[in-house]
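Engineer: All residue numbers for the sequence shown refer to the UniProt record's numbering, where the first residue is 1 and numbers rise by one.
Hints listed in this document are in silico derivations from the structure and should not be mistaken for laboratory results. No residue lacks a Cβ here, since even glycine has one placed at the ideal position from N, Cα and C. Treat the hints with caution; some may be incorrect.
Listed below are the simulated DSS-like cross-link pairs for lysine-lysine, each with C-alpha atoms no more than 25 angstroms apart in a straight line [stated by the list, open to error]:
id, residue 1, residue 2
1, K388, K102
2, K237, K102
3, K450, K403
4, K454, K403
5, K417, K324
6, K493, K237
7, K454, K102
8, K454, K444
9, K450, K299
10, K102, K438
11, K438, K454
12, K481, K444
13, K102, K324
14, K173, K454
15, K438, K173
16, K324, K237
17, K237, K9
18, K417, K102
19, K388, K438
20, K450, K305
21, K81, K102
22, K454, K305
23, K438, K481
24, K173, K237
Simulated restraints, written as ranges between beta carbons of each label pair [claimed, not checked]:
id, residue 1, residue 2, range
25, G420, D383, 33 to 43 angstroms
26, M235, R211, 49 to 59 angstroms
27, F10, K173, 33 to 43 angstroms
28, S385, V489, 26 to 36 angstroms
29, Q106, S484, 26 to 36 angstroms
30, S385, E143, 41 to 51 angstroms
31, S100, T3, 46 to 56 angstroms
32, V307, G159, 20 to 30 angstroms
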Amino acid sequence: MNTQTLVEKFGPRESMEYDVVIVGGGPAGLSAAIRLKQMAAQRNAEISVCVLEKGSEVGAHTLSGAVMDPRALNELIPDWKEQGAPLNVEVTEDRFLFLSEKGARQVPNWLLPDNFMNHGNYVVSLGNVTRWLGARAEELGVEIFAGFPAAEVLYGERGEVLGVATGNMGLGKDGEPTDAFQLGMELHARYTLFAEGARGHLGRQLIERFRLDEDADPQVYGLGIKELWEINPAMHKPGLVIHTAGWPLENDTYGGSFLYHLDNNQVVVGFVVGLGYTNPFLSPFEEFQRYKTHPAIRKFLEGGKRVSYGARAIAAGGLMSLPKLAFPGGALIGCEAGFLNASRIKGSHAAISSGMLAAEAAFDALQAGRQRDVLVEYPEAFDRSWLKQELHRARNFKQWMSKGLLAGTFMVGLEQKLLGGRVPWTLHHRHSDNETLKPAAECKPIVYPKPDGKLTFDRLSSVFLSNTNHEENQPAHLTLKNSSVPIDVNLSKYAGPEARFCPAGVYEFATNGDGKEALVINAQNCVHCKTCDIKDPTQNIVWVTPEGGGGPNYPNM
(Lines of atoms letter the chains of each structure in order from A; the text may use other names.)
(Lines give C-alpha, C1' and ligand atoms only; values in the text may rest on other atoms or scores of the structure.)
Protein backbone atom coordinates (compact mmCIF):
# COMPACT_ATOMS: atom_id res chain seq x y z
CA MET A 1 0.00 0.00 0.00
CA ASN A 2 1.58 3.30 -1.08
CA THR A 3 1.83 6.39 1.10
CA GLN A 4 -0.92 8.28 -0.71
CA THR A 5 -3.37 5.43 -0.14
CA LEU A 6 -2.32 5.20 3.51
CA VAL A 7 -2.85 8.93 3.98
CA GLU A 8 -6.29 8.71 2.40
CA LYS A 9 -7.20 5.83 4.70
CA PHE A 10 -5.56 6.90 7.98
CA GLY A 11 -4.73 10.56 7.44
CA PRO A 12 -4.26 13.36 7.35
CA ARG A 13 -0.67 13.28 8.60
CA GLU A 14 0.20 15.45 11.55
CA SER A 15 2.55 18.31 10.74
CA MET A 16 5.04 20.55 12.51
CA GLU A 17 6.41 23.91 11.36
CA TYR A 18 10.04 25.03 11.59
CA ASP A 19 12.14 27.77 10.12
CA VAL A 20 14.77 25.23 9.06
CA VAL A 21 14.57 21.45 8.86
CA ILE A 22 17.83 19.56 8.44
CA VAL A 23 17.79 16.00 7.11
CA GLY A 24 20.72 14.10 8.59
CA GLY A 25 22.44 14.35 11.96
CA GLY A 26 26.05 14.02 10.80
CA PRO A 27 28.80 16.66 10.93
CA ALA A 28 27.28 18.75 8.12
CA GLY A 29 23.72 18.78 9.43
CA LEU A 30 24.66 19.40 13.05
CA SER A 31 27.13 22.14 12.13
CA ALA A 32 24.43 23.89 10.10
CA ALA A 33 22.05 23.65 13.06
CA ILE A 34 24.64 24.99 15.48
CA ARG A 35 25.55 27.88 13.19
CA LEU A 36 21.89 28.87 12.76
CA LYS A 37 21.41 29.04 16.52
CA GLN A 38 24.69 30.88 17.02
CA MET A 39 23.67 33.57 14.54
CA ALA A 40 20.23 33.87 16.13
CA ALA A 41 21.85 34.44 19.53
CA GLN A 42 24.29 36.99 18.12
CA ARG A 43 21.49 38.99 16.49
CA ASN A 44 18.90 38.50 19.22
CA ALA A 45 16.59 36.66 16.82
CA GLU A 46 14.33 33.66 17.18
CA ILE A 47 14.75 30.71 14.86
CA SER A 48 13.36 27.17 15.12
CA VAL A 49 15.62 24.36 13.89
CA CYS A 50 14.92 20.64 13.66
CA VAL A 51 17.33 17.81 12.76
CA LEU A 52 16.08 14.41 11.60
CA GLU A 53 18.49 11.48 12.08
CA LYS A 54 17.63 8.01 10.74
CA GLY A 55 19.96 6.22 13.16
CA SER A 56 18.82 5.14 16.60
CA GLU A 57 20.94 7.96 18.04
CA VAL A 58 23.16 10.72 16.72
CA GLY A 59 26.41 9.09 15.61
CA ALA A 60 24.97 5.57 15.27
CA HIS A 61 25.41 5.60 11.47
CA THR A 62 28.51 7.80 11.33
CA LEU A 63 31.52 6.01 9.86
CA SER A 64 34.81 7.51 8.76
CA GLY A 65 38.56 6.85 9.03
CA ALA A 66 39.18 9.38 10.49
CA VAL A 67 41.96 11.91 10.61
CA MET A 68 40.25 15.24 11.18
CA ASP A 69 41.47 18.65 10.09
CA PRO A 70 40.17 21.00 12.82
CA ARG A 71 40.09 24.10 10.60
CA ALA A 72 36.32 24.23 10.18
CA LEU A 73 35.68 23.23 13.79
CA ASN A 74 37.91 26.14 14.86
CA GLU A 75 35.53 28.44 12.98
CA LEU A 76 32.36 26.82 14.30
CA ILE A 77 33.32 26.37 17.97
CA PRO A 78 36.66 28.13 18.62
CA ASP A 79 36.87 26.86 22.21
CA TRP A 80 36.16 23.23 21.34
CA LYS A 81 39.10 22.04 23.45
CA GLU A 82 37.75 23.74 26.54
CA GLN A 83 34.29 22.30 25.79
CA GLY A 84 35.68 18.76 25.75
CA ALA A 85 35.47 17.86 22.07
CA PRO A 86 36.76 14.29 21.58
CA LEU A 87 39.80 15.29 19.55
CA ASN A 88 42.34 13.78 21.91
CA VAL A 89 45.02 12.20 19.74
CA GLU A 90 47.10 14.60 17.65
CA VAL A 91 48.93 13.08 14.70
CA THR A 92 52.55 12.38 15.65
CA GLU A 93 53.89 10.64 12.54
CA ASP A 94 52.94 10.08 8.89
CA ARG A 95 53.99 7.02 6.92
CA PHE A 96 53.05 6.32 3.31
CA LEU A 97 53.84 2.84 1.99
CA PHE A 98 53.75 1.30 -1.46
CA LEU A 99 52.99 -2.38 -1.01
CA SER A 100 53.97 -5.36 -3.13
CA GLU A 101 52.71 -8.80 -2.15
CA LYS A 102 55.48 -9.34 0.40
CA GLY A 103 57.35 -6.04 0.57
CA ALA A 104 56.73 -2.43 1.52
CA ARG A 105 58.58 0.70 0.46
CA GLN A 106 58.11 3.84 2.53
CA VAL A 107 58.08 7.18 0.75
CA PRO A 108 60.38 9.71 2.45
CA ASN A 109 58.22 12.39 4.03
CA TRP A 110 60.09 15.14 2.21
CA LEU A 111 58.72 13.66 -1.02
CA LEU A 112 55.10 13.54 0.12
CA PRO A 113 52.70 16.23 -1.14
CA ASP A 114 51.02 18.35 1.53
CA ASN A 115 47.74 16.47 1.08
CA PHE A 116 49.36 13.38 2.64
CA MET A 117 50.81 15.27 5.62
CA ASN A 118 48.75 15.48 8.79
CA HIS A 119 50.64 17.79 11.14
CA GLY A 120 48.08 19.58 13.30
CA ASN A 121 45.31 17.07 12.57
CA TYR A 122 43.70 14.58 14.95
CA VAL A 123 42.93 10.86 14.87
CA VAL A 124 39.29 10.65 15.97
CA SER A 125 36.19 8.56 16.14
CA LEU A 126 33.94 10.67 13.92
CA GLY A 127 30.94 9.00 15.52
CA ASN A 128 31.99 10.37 18.90
CA VAL A 129 32.70 13.80 17.41
CA THR A 130 29.20 13.72 15.93
CA ARG A 131 27.68 12.80 19.29
CA TRP A 132 29.52 15.73 20.84
CA LEU A 133 28.23 18.09 18.14
CA GLY A 134 24.72 16.78 18.76
CA ALA A 135 24.98 17.66 22.44
CA ARG A 136 26.20 21.18 21.58
CA ALA A 137 23.28 21.61 19.16
CA GLU A 138 20.73 20.56 21.77
CA GLU A 139 22.25 22.95 24.31
CA LEU A 140 21.53 25.74 21.83
CA GLY A 141 17.90 24.69 21.44
CA VAL A 142 18.01 22.54 18.33
CA GLU A 143 15.37 19.81 18.30
CA ILE A 144 16.92 16.49 17.27
CA PHE A 145 14.67 13.55 16.38
CA ALA A 146 16.77 10.37 16.21
CA GLY A 147 15.20 7.22 14.78
CA PHE A 148 13.03 9.24 12.38
CA PRO A 149 14.26 8.93 8.79
CA ALA A 150 13.03 11.45 6.24
CA ALA A 151 11.36 9.26 3.65
CA GLU A 152 9.67 11.76 1.32
CA VAL A 153 10.27 15.28 0.02
CA LEU A 154 7.21 17.53 0.13
CA TYR A 155 6.67 19.99 -2.73
CA GLY A 156 4.53 23.08 -3.11
CA GLU A 157 2.36 24.24 -6.00
CA ARG A 158 5.32 25.95 -7.68
CA GLY A 159 7.53 22.88 -7.29
CA GLU A 160 9.43 24.31 -4.35
CA VAL A 161 10.49 22.13 -1.43
CA LEU A 162 8.10 22.57 1.49
CA GLY A 163 9.85 20.15 3.83
CA VAL A 164 9.89 16.40 4.34
CA ALA A 165 7.77 13.58 5.74
CA THR A 166 9.10 10.88 8.02
CA GLY A 167 8.57 7.23 7.19
CA ASN A 168 5.49 5.29 8.14
CA MET A 169 5.88 2.84 11.03
CA GLY A 170 4.25 -0.55 11.51
CA LEU A 171 3.89 -1.77 7.94
CA GLY A 172 4.25 -5.52 7.43
CA LYS A 173 6.42 -7.21 4.83
CA ASP A 174 3.45 -7.20 2.47
CA GLY A 175 3.18 -3.41 2.74
CA GLU A 176 -0.11 -3.64 4.62
CA PRO A 177 -0.65 -1.86 7.96
CA THR A 178 -0.24 -3.94 11.12
CA ASP A 179 -1.81 -3.24 14.50
CA ALA A 180 1.24 -1.08 15.27
CA PHE A 181 0.80 1.11 12.18
CA GLN A 182 1.52 4.81 12.52
CA LEU A 183 1.57 7.39 9.74
CA GLY A 184 4.69 9.43 9.26
CA MET A 185 4.73 13.09 10.18
CA GLU A 186 5.19 16.09 7.92
CA LEU A 187 7.81 18.65 8.87
CA HIS A 188 7.35 21.93 7.01
CA ALA A 189 10.15 24.45 6.77
CA ARG A 190 10.93 27.77 5.21
CA TYR A 191 14.20 26.15 4.13
CA THR A 192 15.23 22.47 4.19
CA LEU A 193 18.87 21.42 4.21
CA PHE A 194 19.76 17.91 3.10
CA ALA A 195 22.74 16.24 4.79
CA GLU A 196 22.13 12.51 4.34
CA GLY A 197 25.73 11.68 3.41
CA ALA A 198 27.02 10.17 0.18
CA ARG A 199 24.32 8.90 -2.20
CA GLY A 200 21.51 10.20 -0.04
CA HIS A 201 18.11 8.70 -0.79
CA LEU A 202 16.31 12.06 -0.98
CA GLY A 203 19.31 13.93 -2.33
CA ARG A 204 19.40 11.63 -5.32
CA GLN A 205 15.75 12.48 -6.05
CA LEU A 206 16.37 16.21 -5.68
CA ILE A 207 19.38 16.13 -8.00
CA GLU A 208 17.27 14.44 -10.65
CA ARG A 209 14.16 16.60 -10.18
CA PHE A 210 16.00 19.94 -10.32
CA ARG A 211 18.68 18.70 -12.75
CA LEU A 212 21.34 19.85 -10.32
CA ASP A 213 24.05 17.74 -11.97
CA GLU A 214 23.49 18.78 -15.58
CA ASP A 215 26.69 20.85 -15.65
CA ALA A 216 28.76 18.49 -13.46
CA ASP A 217 30.81 15.40 -14.16
CA PRO A 218 29.22 12.11 -13.05
CA GLN A 219 29.73 11.56 -9.34
CA VAL A 220 32.08 8.66 -8.57
CA TYR A 221 32.43 6.78 -5.32
CA GLY A 222 34.67 4.62 -3.21
CA LEU A 223 33.62 1.95 -0.75
CA GLY A 224 35.32 2.37 2.60
CA ILE A 225 35.47 -0.68 4.89
CA LYS A 226 36.74 -0.27 8.44
CA GLU A 227 37.51 -2.26 11.57
CA LEU A 228 38.32 -1.10 15.09
CA TRP A 229 40.94 -3.20 16.91
CA GLU A 230 42.46 -3.40 20.37
CA ILE A 231 46.12 -4.29 19.85
CA ASN A 232 49.20 -5.30 21.78
CA PRO A 233 50.37 -2.24 23.76
CA ALA A 234 53.92 -2.88 22.57
CA MET A 235 52.79 -2.22 18.97
CA HIS A 236 50.68 0.83 19.78
CA LYS A 237 51.84 4.35 18.99
CA PRO A 238 49.15 7.01 19.56
CA GLY A 239 49.01 9.45 16.65
CA LEU A 240 50.74 7.23 14.09
CA VAL A 241 49.05 7.52 10.67
CA ILE A 242 49.82 4.97 7.96
CA HIS A 243 48.47 5.04 4.42
CA THR A 244 49.25 2.50 1.72
CA ALA A 245 48.71 2.01 -2.00
CA GLY A 246 49.33 -0.97 -4.24
CA TRP A 247 48.83 -4.61 -3.20
CA PRO A 248 46.41 -6.35 -3.00
CA LEU A 249 44.73 -4.31 -5.76
CA GLU A 250 45.86 -4.52 -9.35
CA ASN A 251 47.62 -1.51 -10.83
CA ASP A 252 44.54 -0.44 -12.79
CA THR A 253 42.18 -0.48 -9.77
CA TYR A 254 41.93 2.67 -7.66
CA GLY A 255 42.15 2.21 -3.93
CA GLY A 256 44.27 2.30 -0.81
CA SER A 257 44.31 1.75 2.92
CA PHE A 258 44.62 3.49 6.26
CA LEU A 259 45.78 2.41 9.70
CA TYR A 260 45.39 5.04 12.42
CA HIS A 261 46.49 4.70 16.04
CA LEU A 262 43.96 6.08 18.53
CA ASP A 263 44.39 6.11 22.31
CA ASN A 264 43.64 3.22 24.71
CA ASN A 265 45.65 0.73 22.60
CA GLN A 266 43.12 0.98 19.78
CA VAL A 267 43.72 1.30 16.05
CA VAL A 268 41.37 1.70 13.13
CA VAL A 269 42.26 -0.19 9.99
CA GLY A 270 40.44 0.33 6.74
CA PHE A 271 40.44 -0.09 3.00
CA VAL A 272 38.92 2.03 0.23
CA VAL A 273 38.16 0.62 -3.21
CA GLY A 274 37.04 2.92 -6.01
CA LEU A 275 33.68 1.68 -7.29
CA GLY A 276 34.72 2.33 -10.87
CA TYR A 277 36.54 -1.03 -10.96
CA THR A 278 35.98 -3.21 -14.04
CA ASN A 279 36.34 -6.84 -12.93
CA PRO A 280 32.98 -8.19 -11.68
CA PHE A 281 34.80 -10.89 -9.70
CA LEU A 282 36.45 -8.31 -7.44
CA SER A 283 35.21 -8.20 -3.85
CA PRO A 284 36.18 -5.08 -1.87
CA PHE A 285 35.50 -6.93 1.40
CA GLU A 286 37.82 -9.80 0.48
CA GLU A 287 40.50 -7.39 -0.75
CA PHE A 288 40.39 -5.72 2.67
CA GLN A 289 40.81 -9.08 4.41
CA ARG A 290 43.79 -9.90 2.18
CA TYR A 291 45.36 -6.52 2.89
CA LYS A 292 45.48 -7.24 6.63
CA THR A 293 47.72 -10.26 5.97
CA HIS A 294 50.55 -8.13 4.57
CA PRO A 295 53.62 -8.32 6.84
CA ALA A 296 53.71 -4.53 7.23
CA ILE A 297 50.11 -4.51 8.51
CA ARG A 298 49.61 -7.82 10.28
CA LYS A 299 52.42 -7.07 12.73
CA PHE A 300 50.20 -4.40 14.29
CA LEU A 301 47.11 -6.61 14.50
CA GLU A 302 48.39 -10.08 15.44
CA GLY A 303 47.49 -10.94 19.00
CA GLY A 304 44.86 -8.18 19.02
CA LYS A 305 41.08 -8.28 19.08
CA ARG A 306 38.64 -6.96 16.51
CA VAL A 307 36.06 -4.77 18.26
CA SER A 308 33.82 -3.36 15.55
CA TYR A 309 33.19 -3.35 11.81
CA GLY A 310 31.45 -1.08 9.32
CA ALA A 311 31.29 0.09 5.72
CA ARG A 312 30.17 3.22 3.90
CA ALA A 313 30.38 4.62 0.39
CA ILE A 314 32.17 7.95 -0.01
CA ALA A 315 31.64 10.51 -2.77
CA ALA A 316 35.06 10.91 -4.37
CA GLY A 317 34.43 12.93 -7.54
CA GLY A 318 35.60 16.19 -6.03
CA LEU A 319 35.02 19.67 -7.34
CA MET A 320 34.17 18.68 -10.91
CA SER A 321 31.35 16.39 -9.72
CA LEU A 322 29.69 18.88 -7.39
CA PRO A 323 26.05 19.47 -8.38
CA LYS A 324 24.33 22.81 -8.06
CA LEU A 325 24.02 23.31 -4.33
CA ALA A 326 20.72 25.19 -3.99
CA PHE A 327 17.21 24.81 -5.36
CA PRO A 328 13.81 26.33 -4.49
CA GLY A 329 13.30 25.76 -0.80
CA GLY A 330 16.52 23.98 0.08
CA ALA A 331 20.16 23.07 -0.39
CA LEU A 332 22.60 20.14 -0.35
CA ILE A 333 25.41 20.13 2.23
CA GLY A 334 28.28 17.84 3.22
CA CYS A 335 28.76 14.52 1.48
CA GLU A 336 25.19 14.76 0.17
CA ALA A 337 26.71 17.16 -2.36
CA GLY A 338 30.11 15.46 -2.51
CA PHE A 339 32.45 17.85 -0.70
CA LEU A 340 34.96 15.17 0.35
CA ASN A 341 38.57 15.89 -0.59
CA ALA A 342 39.69 12.48 -1.86
CA SER A 343 43.32 13.56 -2.17
CA ARG A 344 43.45 14.15 1.60
CA ILE A 345 41.05 11.29 2.46
CA LYS A 346 39.15 13.86 4.50
CA GLY A 347 35.58 15.08 4.45
CA SER A 348 34.54 16.07 7.97
CA HIS A 349 36.10 19.54 7.79
CA ALA A 350 34.45 20.08 4.40
CA ALA A 351 31.10 18.90 5.76
CA ILE A 352 31.30 21.30 8.70
CA SER A 353 32.32 24.20 6.47
CA SER A 354 29.57 23.60 3.90
CA GLY A 355 26.99 23.30 6.67
CA MET A 356 28.09 26.65 8.08
CA LEU A 357 27.99 28.35 4.68
CA ALA A 358 24.46 27.10 3.99
CA ALA A 359 23.29 28.03 7.49
CA GLU A 360 24.56 31.58 7.14
CA ALA A 361 22.79 31.97 3.80
CA ALA A 362 19.56 30.57 5.20
CA PHE A 363 19.67 32.74 8.31
CA ASP A 364 20.18 35.93 6.31
CA ALA A 365 17.35 34.97 3.97
CA LEU A 366 15.01 34.37 6.90
CA GLN A 367 15.95 37.67 8.47
CA ALA A 368 15.11 39.37 5.18
CA GLY A 369 11.65 37.77 5.21
CA ARG A 370 12.36 35.33 2.39
CA GLN A 371 11.32 31.71 2.28
CA ARG A 372 11.51 28.74 -0.07
CA ASP A 373 13.41 30.56 -2.78
CA VAL A 374 16.86 29.61 -4.09
CA LEU A 375 19.60 30.36 -1.57
CA VAL A 376 21.97 31.74 -4.19
CA GLU A 377 24.10 33.22 -1.42
CA TYR A 378 25.21 29.73 -0.40
CA PRO A 379 27.02 28.73 -3.64
CA GLU A 380 28.31 32.29 -3.92
CA ALA A 381 29.83 32.02 -0.43
CA PHE A 382 31.32 28.63 -1.35
CA ASP A 383 32.95 30.19 -4.42
CA ARG A 384 34.73 32.69 -2.11
CA SER A 385 35.70 30.12 0.53
CA TRP A 386 38.92 28.36 1.47
CA LEU A 387 37.02 25.12 0.90
CA LYS A 388 36.58 25.93 -2.78
CA GLN A 389 40.28 26.75 -3.05
CA GLU A 390 41.24 23.46 -1.37
CA LEU A 391 39.01 21.38 -3.63
CA HIS A 392 40.21 23.27 -6.71
CA ARG A 393 43.84 22.39 -5.97
CA ALA A 394 42.82 18.72 -5.68
CA ARG A 395 40.37 18.67 -8.60
CA ASN A 396 42.38 16.21 -10.73
CA PHE A 397 43.36 13.70 -8.03
CA LYS A 398 40.74 11.00 -8.54
CA GLN A 399 40.91 11.37 -12.30
CA TRP A 400 44.67 10.78 -12.36
CA MET A 401 44.52 7.86 -9.90
CA SER A 402 41.82 6.23 -12.02
CA LYS A 403 44.38 5.94 -14.81
CA GLY A 404 46.45 3.46 -12.81
CA LEU A 405 48.71 3.49 -9.76
CA LEU A 406 51.97 4.32 -11.52
CA ALA A 407 50.69 7.03 -13.85
CA GLY A 408 48.42 8.45 -11.16
CA THR A 409 51.16 8.60 -8.54
CA PHE A 410 53.51 10.39 -10.91
CA MET A 411 50.97 12.98 -12.03
CA VAL A 412 49.57 13.62 -8.54
CA GLY A 413 53.13 14.11 -7.32
CA LEU A 414 53.80 16.52 -10.17
CA GLU A 415 50.62 18.53 -9.60
CA GLN A 416 50.56 18.54 -5.81
CA LYS A 417 54.23 18.47 -4.79
CA LEU A 418 55.97 20.39 -7.54
CA LEU A 419 53.18 22.69 -8.73
CA GLY A 420 51.11 23.04 -5.55
CA GLY A 421 47.90 22.22 -7.42
CA ARG A 422 48.27 25.33 -9.59
CA VAL A 423 47.93 23.73 -13.01
CA PRO A 424 46.19 25.07 -16.14
CA TRP A 425 44.50 21.77 -16.99
CA THR A 426 41.38 20.10 -15.61
CA LEU A 427 40.50 16.44 -16.08
CA HIS A 428 36.95 15.10 -16.17
CA HIS A 429 35.08 11.96 -15.18
CA ARG A 430 33.30 10.46 -18.17
CA HIS A 431 31.41 7.52 -16.67
CA SER A 432 29.34 6.65 -13.63
CA ASP A 433 30.57 3.71 -11.56
CA ASN A 434 27.72 1.45 -12.65
CA GLU A 435 28.87 1.76 -16.27
CA THR A 436 32.40 0.39 -15.82
CA LEU A 437 31.99 -3.37 -15.24
CA LYS A 438 33.19 -5.65 -18.03
CA PRO A 439 31.34 -8.88 -18.87
CA ALA A 440 32.53 -11.79 -16.73
CA ALA A 441 33.63 -13.66 -19.84
CA GLU A 442 36.27 -10.99 -20.44
CA CYS A 443 37.67 -11.07 -16.89
CA LYS A 444 39.77 -13.38 -14.76
CA PRO A 445 38.06 -14.84 -11.68
CA ILE A 446 39.69 -13.99 -8.35
CA VAL A 447 40.13 -16.76 -5.80
CA TYR A 448 40.19 -15.40 -2.26
CA PRO A 449 41.58 -17.35 0.71
CA LYS A 450 39.26 -18.56 3.43
CA PRO A 451 39.18 -16.43 6.61
CA ASP A 452 41.16 -17.65 9.59
CA GLY A 453 38.88 -16.09 12.22
CA LYS A 454 41.82 -14.34 13.88
CA LEU A 455 43.08 -11.79 11.38
CA THR A 456 40.64 -12.28 8.52
CA PHE A 457 36.88 -12.81 8.80
CA ASP A 458 33.70 -13.56 6.89
CA ARG A 459 30.90 -11.10 6.19
CA LEU A 460 28.34 -12.40 8.65
CA SER A 461 30.63 -12.30 11.68
CA SER A 462 31.60 -8.80 10.59
CA VAL A 463 28.01 -7.61 10.31
CA PHE A 464 27.41 -8.97 13.81
CA LEU A 465 30.07 -6.57 15.11
CA SER A 466 28.34 -3.64 13.41
CA ASN A 467 25.33 -4.13 15.71
CA THR A 468 23.07 -4.01 12.67
CA ASN A 469 19.39 -4.63 13.29
CA HIS A 470 16.20 -4.09 11.31
CA GLU A 471 12.62 -4.85 12.31
CA GLU A 472 12.01 -8.05 10.35
CA ASN A 473 8.31 -7.50 9.65
CA GLN A 474 8.62 -4.47 7.40
CA PRO A 475 8.80 -3.88 3.64
CA ALA A 476 12.27 -4.50 2.24
CA HIS A 477 14.24 -1.27 1.94
CA LEU A 478 16.34 -2.74 -0.87
CA THR A 479 14.00 -2.66 -3.84
CA LEU A 480 14.21 -3.90 -7.41
CA LYS A 481 12.75 -2.01 -10.34
CA ASN A 482 12.57 -5.27 -12.30
CA SER A 483 12.79 -8.61 -10.49
CA SER A 484 14.08 -10.46 -13.59
CA VAL A 485 17.22 -8.31 -14.04
CA PRO A 486 19.39 -9.95 -11.32
CA ILE A 487 19.24 -13.31 -13.14
CA ASP A 488 18.76 -12.26 -16.77
CA VAL A 489 21.45 -9.55 -16.73
CA ASN A 490 23.58 -9.46 -13.60
CA LEU A 491 24.11 -13.19 -13.20
CA SER A 492 24.23 -14.15 -16.86
CA LYS A 493 26.46 -11.30 -18.04
CA TYR A 494 28.42 -10.23 -14.94
CA ALA A 495 28.43 -13.43 -12.81
CA GLY A 496 26.29 -11.83 -10.10
CA PRO A 497 28.50 -8.97 -8.88
CA GLU A 498 26.08 -7.91 -6.12
CA ALA A 499 27.10 -11.01 -4.16
CA ARG A 500 30.65 -9.62 -4.12
CA PHE A 501 30.38 -5.81 -4.06
CA CYS A 502 28.13 -5.83 -0.97
CA PRO A 503 30.30 -5.83 2.19
CA ALA A 504 27.49 -7.16 4.40
CA GLY A 505 26.25 -10.38 2.79
CA VAL A 506 22.93 -8.87 1.76
CA TYR A 507 22.83 -10.42 -1.71
CA GLU A 508 23.29 -14.07 -2.59
CA PHE A 509 22.24 -16.29 -5.45
CA ALA A 510 20.57 -19.58 -4.60
CA THR A 511 18.68 -22.35 -6.37
CA ASN A 512 14.94 -22.24 -5.69
CA GLY A 513 12.47 -25.12 -5.52
CA ASP A 514 12.16 -25.53 -9.28
CA GLY A 515 15.93 -25.70 -9.80
CA LYS A 516 16.29 -22.16 -11.11
CA GLU A 517 18.64 -19.49 -9.81
CA ALA A 518 17.14 -16.68 -7.75
CA LEU A 519 18.48 -13.63 -5.96
CA VAL A 520 18.03 -13.69 -2.20
CA ILE A 521 18.07 -10.28 -0.47
CA ASN A 522 18.97 -10.44 3.23
CA ALA A 523 17.90 -6.87 3.96
CA GLN A 524 18.36 -7.33 7.71
CA ASN A 525 22.15 -7.42 7.14
CA CYS A 526 22.29 -4.03 5.43
CA VAL A 527 24.76 -1.54 6.96
CA HIS A 528 23.41 1.31 4.78
CA CYS A 529 26.67 1.68 2.83
CA LYS A 530 24.75 2.40 -0.45
CA THR A 531 27.18 0.37 -2.60
CA CYS A 532 24.41 -1.61 -4.28
CA ASP A 533 22.55 1.58 -5.18
CA ILE A 534 25.75 2.87 -6.80
CA LYS A 535 27.41 -0.14 -8.46
CA ASP A 536 24.46 -2.18 -9.76
CA PRO A 537 25.14 -2.24 -13.54
CA THR A 538 21.59 -1.43 -14.67
CA GLN A 539 20.68 0.71 -11.63
CA ASN A 540 17.92 -1.81 -10.91
CA ILE A 541 18.57 -1.81 -7.15
CA VAL A 542 17.17 1.22 -5.34
CA TRP A 543 17.90 1.84 -1.63
CA VAL A 544 15.00 3.40 0.28
CA THR A 545 14.64 4.24 3.95
CA PRO A 546 13.78 1.41 6.35
CA GLU A 547 11.84 1.93 9.55
CA GLY A 548 13.39 4.44 11.91
CA GLY A 549 16.33 3.34 14.01
CA GLY A 550 17.18 0.40 11.73
CA GLY A 551 20.68 -0.29 10.51
CA PRO A 552 24.05 -0.31 12.25
CA ASN A 553 24.84 1.07 15.68
CA TYR A 554 28.51 1.97 15.51
CA PRO A 555 30.43 2.44 18.76
CA ASN A 556 33.58 4.60 18.52
CA MET A 557 33.61 4.39 14.71
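Engineer: Compare the structure with the hints numbered earlier in the document and write down the numbers of the violated ones, lowest to highest.
Structural biologist: The structure conflicts with hints 1, 3, 4, 5, 6, 8, 10, 11, 12, 13, 14, 15, 16, 17, 18, 19, 21, 24, 25, 27, 28, 29, 30, 32, although it agrees with all the remaining ones.
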